[in-house]
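Engineer: Using the numbering used here, read the sequence shown as starting at 5 and increasing by one per residue.
Straight-line Cα separation of at most 30 Å, DSS-like style, residue types lysine-lysine; simulated pairs:
(1) Lys94 - Lys18
(2) Lys53 - Lys94
(3) Lys75 - Lys46
FYI, nobody ran anything at the bench for these hints, they're computed from the structure.
Keep in mind the model is a prediction, meaning the values are calculated, not measured.
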Amino acid sequence: MVKPPIPPKGHLLKLRLSRGGTKNSPEFFINVAQSYRRRDSKFIENLGKYEPIPDSADMSKRIYLNFDRIKYWLGRGAQPTFRVAWLLGKANIIPSIPRGANAFNLSQAQETVEDSKEQEHPIAGKADLDVGVKNYETEQGKL
Numbered sequence: 005m006v007k008p009p010i011p012p013k014g015h016l017l018k019l020r021l022s023r024g025g026t027k028n029s030p031e032f033f034i035n036v037a038q039s040y041r042r043r044d045s046k047f048i049e050n051l052g053k054y055e056p057i058p059d060s061a062d063m064s065k066r067i068y069l070n071f072d073r074i075k076y077w078l079g080r081g082a083q084p085t086f087r088v089a090w091l092l093g094k095a096n097i098i099p100s101i102p103r104g105a106n107a108f109n110l111s112q113a114q115e116t117v118e119d120s121k122e123q124e125h126p127i128a129g130k131a132d133l134d135v136g137v138k139n140y141e142t143e144q145g146k147l
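Please construct the entire structure, taking both the sequences and the accompanying hints into account.
Structural biologist: Spelled out as structure tokens, the structure:
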């Protein structure tokens, strides 16, 4: 596997959606791109795909993610956009965004979620959280 190029320092990386698909059947690709690039222009790496239109067979929206690479880029400092953060929250990669939050009140909503987690589970240790993550990672091949 060829390593993607690392952008120069000072260039903010974003995990964001770029549109693909056809006129009435959109598909959104989750890409790592430099923040100054346009939506559908050159990107560093493709990390997954989101199909917002449900299939007629099972009426489910589909999300395909490369968990290892997403965690790598988040570790490198890439910032997810609001909608990508919502998708990653659905996949339990990052803490989920509370319902009713938007890009303007996101920081306030995240603070209230953190406060409520501390109140609900004051005794829960790190081992409990790690077990949940391991179970989820073993099931990721089934997606």
